[in-house]
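Protein chains: 2
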Amino acid sequence: MSTNSSGSIRIALDAMGGDDAPRIVVNGAAIAQVRYPQAEFIFVGDETKIQPLVDKHKSLKGRAKIVHTTERVLPDDKPGVVLRSGRQTSMRLAINQVHEGAAEAIVSAGNTGALMAMAKFVLKTLPGIDRPAIVTFFPTLKGETVMLDLGANTECAPENLVDFAVMGALFANTVLGIENPRIGLLNVGSEETKGHEEIRIAAQELRALELPGNFIGYVEGDDITNGSVDVVVTDGFTGNVALKTAEGTAKMYTEFLKRTFKSSWLARVGYIFANHAFKKLRKRLDPRTYNGAMLIGLRGVCVKSHGGTDAIGFANAIGVAYDLVKYKFNDKMSQRVQLMHEKLSALPPEIKTAAEPVVAA
Amino acid sequence: MSTNSSGSIRIALDAMGGDDAPRIVVNGAAIAQVRYPQAEFIFVGDETKIQPLVDKHKSLKGRAKIVHTTERVLPDDKPGVVLRSGRQTSMRLAINQVHEGAAEAIVSAGNTGALMAMAKFVLKTLPGIDRPAIVTFFPTLKGETVMLDLGANTECAPENLVDFAVMGALFANTVLGIENPRIGLLNVGSEETKGHEEIRIAAQELRALELPGNFIGYVEGDDITNGSVDVVVTDGFTGNVALKTAEGTAKMYTEFLKRTFKSSWLARVGYIFANHAFKKLRKRLDPRTYNGAMLIGLRGVCVKSHGGTDAIGFANAIGVAYDLVKYKFNDKMSQRVQLMHEKLSALPPEIKTAAEPVVAA
Numbered sequence: 000m001s002t003n004s005s006g007s008i009r010i011a012l013d014a015m016g017g018d019d020a021p022r023i024v025v026n027g028a029a030i031a032q033v034r035y036p037q038a039e040f041i042f043v044g045d046e047t048k049i050q051p052l053v054d055k056h057k058s059l060k061g062r063a064k065i066v067h068t069t070e071r072v073l074p075d076d077k078p079g080v081v082l083r084s085g086r087q088t089s090m091r092l093a094i095n096q097v098h099e100g101a102a103e104a105i106v107s108a109g110n111t112g113a114l115m116a117m118a119k120f121v122l123k124t125l126p127g128i129d130r131p132a133i134v135t136f137f138p139t140l141k142g143e144t145v146m147l148d149l150g151a152n153t154e155c156a157p158e159n160l161v162d163f164a165v166m167g168a169l170f171a172n173t174v175l176g177i178e179n180p181r182i183g184l185l186n187v188g189s190e191e192t193k194g195h196e197e198i199r200i201a202a203q204e205l206r207a208l209e210l211p212g213n214f215i216g217y218v219e220g221d222d223i224t225n226g227s228v229d230v231v232v233t234d235g236f237t238g239n240v241a242l243k244t245a246e247g248t249a250k251m252y253t254e255f256l257k258r259t260f261k262s263s264w265l266a267r268v269g270y271i272f273a274n275h276a277f278k279k280l281r282k283r284l285d286p287r288t289y290n291g292a293m294l295i296g297l298r299g300v301c302v303k304s305h306g307g308t309d310a311i312g313f314a315n316a317i318g319v320a321y322d323l324v325k326y327k328f329n330d331k332m333s334q335r336v337q338l339m340h341e342k343l344s345a346l347p348p349e350i351k352t353a354a355e356p357v358v359a360a
Numbered sequence: 000m001s002t003n004s005s006g007s008i009r010i011a012l013d014a015m016g017g018d019d020a021p022r023i024v025v026n027g028a029a030i031a032q033v034r035y036p037q038a039e040f041i042f043v044g045d046e047t048k049i050q051p052l053v054d055k056h057k058s059l060k061g062r063a064k065i066v067h068t069t070e071r072v073l074p075d076d077k078p079g080v081v082l083r084s085g086r087q088t089s090m091r092l093a094i095n096q097v098h099e100g101a102a103e104a105i106v107s108a109g110n111t112g113a114l115m116a117m118a119k120f121v122l123k124t125l126p127g128i129d130r131p132a133i134v135t136f137f138p139t140l141k142g143e144t145v146m147l148d149l150g151a152n153t154e155c156a157p158e159n160l161v162d163f164a165v166m167g168a169l170f171a172n173t174v175l176g177i178e179n180p181r182i183g184l185l186n187v188g189s190e191e192t193k194g195h196e197e198i199r200i201a202a203q204e205l206r207a208l209e210l211p212g213n214f215i216g217y218v219e220g221d222d223i224t225n226g227s228v229d230v231v232v233t234d235g236f237t238g239n240v241a242l243k244t245a246e247g248t249a250k251m252y253t254e255f256l257k258r259t260f261k262s263s264w265l266a267r268v269g270y271i272f273a274n275h276a277f278k279k280l281r282k283r284l285d286p287r288t289y290n291g292a293m294l295i296g297l298r299g300v301c302v303k304s305h306g307g308t309d310a311i312g313f314a315n316a317i318g319v320a321y322d323l324v325k326y327k328f329n330d331k332m333s334q335r336v337q338l339m340h341e342k343l344s345a346l347p348p349e350i351k352t353a354a355e356p357v358v359a360a
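Heads up: the protein sequence lines correspond to chains A and B, in order. Throughout the first sequence, residue numbering follows numbering that gives the first Met the number 0, covering 0 to 360 in sequence. Throughout the second sequence, residue numbering follows numbering that gives the first Met the number 0, covering 0 to 360 in sequence.
Keep in mind the hints are simulated off the structure, nothing from the lab. Nothing here was measured: the structure is a model prediction, and the numbers come from that model. Warning: the hint list may mix true and false statements.
As the list makes no split between identical chains, a pair holds if one copy fits it or if it spans any two.
[Unchecked claim] Listed next, the in silico BS3-like pairs over lysine-lysine satisfying Cα-Cα at most 25 Å (straight line):
hint	residue 1	residue 2
1	LYS261	LYS282
2	LYS77	LYS64
3	LYS279	LYS257
4	LYS279	LYS331
5	LYS261	LYS141
6	LYS123	LYS250
7	LYS279	LYS48
With the sequences and hints as input, model every part of the structure.
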């Protein structure tokens, strides 16, 4: 399930997912096609809308196929409902392309919950992986950090967190090119005895296993952005809250900054001088650069783009999918996770039990 | 346990807690004394160090007492150890002042875990309150938001979350002057069926109870900073991660901003023009303004200052303690919580059971 015999990498696109679909999807694919000449696209959605857009791009000529359907998943559709009655939606048919071997990856900017539910149902998990997770990367003071799970699993057993550590390290390796990623387990303090039992057991197991990557122990919320680790491992509830809190805080700062530069004539003049420098900062923090969360752990590459992104952002999400296929991410991951499970089962039982927390009063 | 007969409000200060103690503690008290002429202080710590500092401030004359001890809690001391062997520390003796009725409040910039453990042990919880929580407030796009619990309780039952909602609403009322605070329960989506079981049950209970404040349902991480609610309710694990993630993101932005203004001569010139406007922004976001997290739910007011704060920040933490005593926060809270528990016990049992989540796949 990596590249096909012709050397091309075939990516199925949910052409109807996202705020400005199918425009951003087709235009994004056209940008990605120039960057990755080996890419081929299967657009799934309303042919009457997609074909005219495809025809505008020379780069897509002979590299694009359309699978027609008029149904689509709406942003507020409930995952459970979509799963039962959304078999003809563009999202579902795009996922099917991967399952049927017509494509190696699927990218969608549609409803996250629906994508997760349908991808899990259709593609199933990789051998040895119990739970898929959502993973992405974002800017820090020192570079980039990978975090998972961002919302696929509300509750996690210690073994799930250990899986996530292995998966996240390989993701940092493949997408960010970090040789020996430093892995941290998100907690509320660095002491051995802090946090939920699952976390304490996972920490013991991660210390005992000799994994690729470097497990450095517990990290706290502020470590997500200070660059002290390359991979932050947490359950899907905490990860989702942390990601959205960081996004919200960033948005608040950006808004305060705008207001400050508009607050007086002097400040406006200041902005004219500093404008060039701020352009660089905006580029550094451009959310489009960090577009593309992967639903990791499935038989097939499944990437979720932000719903509100533009064509450049969508092209970046395609880029994530492309790299994961090209570097045989899933094959490697399956091997690594299975090896890890063998090591895990050989560990003495006391490591799989939580140490008693020191209870204060 | 509000003001004493003389009308003054007596506050015990852990004079040895904080990075730059006792200097910031005494200087902070001197600033607070001018703001709140009714305040009286009991400094607990090394008299030989405190007395010369106190003597420097006219405002403290006749309003300061010293309780001498040479022992102190260190930043890395474990709560459990401090609880057993720290009975003569400045922190413990300052808490004792409240327990013994010599003071109405205690403020410390020392070790949070130790303060929590000792304050719980010495002061005990208010009638009807099962678990104390850590609560504070911080800036949002629209004003300020209160959040709790920030780390006192790693795991919470639905009833604890309901208690926190009542406590947080009254805190927003007392400290921020918000008449009818909007309360949100932190979750990973706005759907009924999302999140942990505890949260789903707490939401049902909060909807069924007619509480002071306005329960608006679930909120997500980005609602913490966008000002859509006045009170964010969550367990201590999630709250601690969210708070530290927000702090870390804010720090990263501030650092990027500094680097941007230093990155070129033009940008430096721009900064000169915009400097005045940025001063206002810095003031708006000044962490010293938001200094003072309360350990809420105890018999006595216990406020934690940031360890790294300066005298102005410490004075603000004293201000939080002062207001809480002055407006009889604990008396009101105890009444409200007991009333709420009566209503809660009258609710039909189906509200105290989680609705079945819609499981996808």
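**OP:** Mind listing which of the numbered hints don't hold for this structure, in increasing order?
**Re:** 2, 4, 6, 7
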